[in-house]
Amino acid sequence: MASIARQLGVQSSRHHVVPAISTACVHAKYSTDVKPLSSTRLATMKKGTGGRSSFNGIVATVFGSTGFLGRYVCNKLGKIGSQLILPYRGDHYDALRLRLVGDLGQVLFMPYDIRDDASIKKAMKYSNVVINLVGRDWETKNFKFEDIYIDGPARIARLAKECGVEKLIHVSNISVSEHPEPLLLPNGSKILRTKFIGERLVRDIFPDAVVFRPSDIYGSEDRFLRSYANLWRRQFKAVPLWRSGEATIKQPVFVSDVAAGIVAAIKNPDTAGNTYYAVGPKRYQLSELVDWFFRVMRKGPDWGYVRYDMRFDPFFKLKVTLTEKICPGWPIAGLSWEKLEKDHVTDVVPYGFPTLEDLGVNLTHMEDQVPWELKPFRANAYYDEELGEFEKPAPPKFIPTTI
Numbered sequence: 001m002a003s004i005a006r007q008l009g010v011q012s013s014r015h016h017v018v019p020a021i022s023t024a025c026v027h028a029k030y031s032t033d034v035k036p037l038s039s040t041r042l043a044t045m046k047k048g049t050g051g052r053s054s055f056n057g058i059v060a061t062v063f064g065s066t067g068f069l070g071r072y073v074c075n076k077l078g079k080i081g082s083q084l085i086l087p088y089r090g091d092h093y094d095a096l097r098l099r100l101v102g103d104l105g106q107v108l109f110m111p112y113d114i115r116d117d118a119s120i121k122k123a124m125k126y127s128n129v130v131i132n133l134v135g136r137d138w139e140t141k142n143f144k145f146e147d148i149y150i151d152g153p154a155r156i157a158r159l160a161k162e163c164g165v166e167k168l169i170h171v172s173n174i175s176v177s178e179h180p181e182p183l184l185l186p187n188g189s190k191i192l193r194t195k196f197i198g199e200r201l202v203r204d205i206f207p208d209a210v211v212f213r214p215s216d217i218y219g220s221e222d223r224f225l226r227s228y229a230n231l232w233r234r235q236f237k238a239v240p241l242w243r244s245g246e247a248t249i250k251q252p253v254f255v256s257d258v259a260a261g262i263v264a265a266i267k268n269p270d271t272a273g274n275t276y277y278a279v280g281p282k283r284y285q286l287s288e289l290v291d292w293f294f295r296v297m298r299k300g301p302d303w304g305y306v307r308y309d310m311r312f313d314p315f316f317k318l319k320v321t322l323t324e325k326i327c328p329g330w331p332i333a334g335l336s337w338e339k340l341e342k343d344h345v346t347d348v349v350p351y352g353f354p355t356l357e358d359l360g361v362n363l364t365h366m367e368d369q370v371p372w373e374l375k376p377f378r379a380n381a382y383y384d385e386e387l388g389e390f391e392k393p394a395p396p397k398f399i400p401t402t403i
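Residue numbering for the sequence shown is 1 to 403, as defined by the UniProt record's numbering.
No lab work stands behind these hints, which were simulated from the structure alone. Just to be clear, a hint being listed does not mean it is correct.
Said to hold, decoys possible - Straight line, CA to CA, 30 Å or less: simulated DSSO-like cross-link-like pairs of lysine-lysine:
#: 1; residue 1: K76; residue 2: K125
#: 2; residue 1: K79; residue 2: K144
#: 3; residue 1: K121; residue 2: K141
#: 4; residue 1: K121; residue 2: K144
#: 5; residue 1: K161; residue 2: K121
#: 6; residue 1: K190; residue 2: K282
#: 7; residue 1: K121; residue 2: K76
#: 8; residue 1: K47; residue 2: K267
#: 9; residue 1: K397; residue 2: K339
#: 10; residue 1: K392; residue 2: K375
#: 11; residue 1: K76; residue 2: K141
#: 12; residue 1: K282; residue 2: K392
#: 13; residue 1: K144; residue 2: K319
#: 14; residue 1: K282; residue 2: K299
#: 15; residue 1: K237; residue 2: K267
#: 16; residue 1: K325; residue 2: K144
#: 17; residue 1: K47; residue 2: K122
#: 18; residue 1: K237; residue 2: K299
#: 19; residue 1: K339; residue 2: K282
#: 20; residue 1: K339; residue 2: K299
#: 21; residue 1: K299; residue 2: K190
#: 22; residue 1: K125; residue 2: K47
The task is simple: from the sequences and hints, build the whole structure.
Written out as structure tokens, the structure reads:
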């Protein structure tokens, strides 16, 4: 009672009786952070004052943690004191770099196979959060798109339900469709079709799952900016795009913003069952974006840059086909018909659906981040320039958002 009195500024002593304090007053002061315990086990109790050496009560299994988005999600979760179970396949050295996202004992690694129920269940049996970030832009002889985007998510959702997982996060794509519009491929994007089926199965099995539909994600080691910057994606100094990029509208999003949205969805109990569109703050024509990328890299028209319609270039079509045949496991520059098809689909955010801004994320503008990302790809990158020697490239024109 005396400690409460001191909190409220009331003096007390051995000979002084503390005035009666209203129960409602005390309740109003201390009830804001009171939440029901999901478990009475000591291991699940929050410990510490925050940060990587603390434990905030979140035990998260992150499938796809070694991928592009996964590294950012793990870092943000570890930064707030989450315990992480990181299943991996292949060489364990690819995953061990993630041990730095949390303090000693906070990050655990576990080999698994997306087709093996026992290994998946073992990875999530003690977790209260499961995040599925597994993805691939091309098929291999061991894993087809059906294995990655249909069977895998359905299996993870089913086992998460059996293990009593409280929150499941599933990352899909902004343009998923049961019947995607064909552009370069006769039946449209297989990735978008299989992701749609997988997302629907996750919803059926785990109705409270939180689904994210991101646009093209850019950042360090991405496959968006670096694809266009790669020599193999060009035809000498020319860049082939479907309909010269004039018929495609994109709304790219920064990878750190998507990771921040996923963490915010985990912490917010009101996100259960919602679908969030992870898009950037502005919409652009793909042609305008690619022109701007090359201006930033100092490879504009003076350098020889030109953009044209790939439909009328049989040599580029042959190049894509040969790339798929010669390098099926990891195509050079990620160049494949499937990726080209997906890259030229217009991003559409249906009216009324929540976005990252509804999760409290302050979105990053491309104009502030992309020049730093493309700096290593500039022409004459090692030239020691004088301050103000080169004119700052004009920013891309964006398309105003209309309701």
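Cross-check of the supplied hints:
For a cut-off of 30 Å, the pair hint linking K76 to K125 stands: about 22 Å separates their Cα positions. Restraint check for K79 and K144: the C-alpha separation of about 35 Å exceeds 30 Å, so the hint is violated. At most 30 Å may separate the alpha-carbon atoms for a hinted pair to count; K121 and K141 meet this at roughly 25 Å. The hinted pair formed by K121 and K144 meets the criterion: a straight-line CA distance of about 22 Å does not exceed 30 Å.
As the CA atoms of K161 and K121 are separated by approximately 10 Å, the hinted pair is consistent with the 30 Å bound. Taking the CA atoms of K190 and K282, the gap is near 27 Å; set against the 30 Å cutoff, the hint holds. Only pairs whose Cα atoms come within 30 Å are accepted, and K121 paired with K76 is accepted, the gap being roughly 24 Å. Annotation: proposed proximity of K47 to K267 holds, straight-line Cα distance about 17 Å (limit 30 Å).
Between K397 and K339, the direct Cα distance comes to roughly 25 Å. Compliance with the 30 Å bound is thereby established for this hinted pair. As the CA atoms of K392 and K375 are separated by approximately 13 Å, the hinted pair is consistent with the 30 Å bound. Pair hint K76 plus K141 does not hold up; C-alpha atoms about 34 Å apart against a cutoff of 30 Å. At roughly 20 Å between alpha-carbon atoms, K282 and K392 fall within 30 Å of each other, so this suggested pair holds.
Between K144 and K319, the direct Cα distance comes to roughly 23 Å. Compliance with the 30 Å bound is thereby established for this hinted pair. For the proposed pair K282 and K299, the alpha carbon gap of about 24 Å is at most 30 Å, so the pair holds. For the hint pairing K237 with K267, the CA-to-CA distance comes to about 47 Å; that exceeds 30 Å, so the pair is violated. Restraint check for K325 and K144: the C-alpha separation of about 16 Å stays at or below 30 Å, so the hint holds.
At most 30 Å may separate the alpha-carbon atoms for a hinted pair to count; K47 and K122 meet this at roughly 25 Å. A threshold of 30 Å between alpha carbons decides the hint, and for K237 with K299 the separation of about 9 Å falls inside it, so the pair holds. Distance restraint check for K339 and K282: the Cα-Cα separation of roughly 23 Å lies within the 30 Å cut-off, and the hinted pair is therefore satisfied. A C-alpha spacing of about 24 Å is found between K339 and K299, which places the hinted pair at or below 30 Å, so the restraint holds.
Annotation: proposed proximity of K299 to K190 is violated, straight-line Cα distance about 34 Å (limit 30 Å). Proximity of K125 to K47 is assessed by CA-CA distance (about 21 Å); at most 30 Å being required, the pair is judged to hold.
Checked against the numbered hints above, the structure violates hints 2, 11, 15 and 21; every other hint is satisfied.
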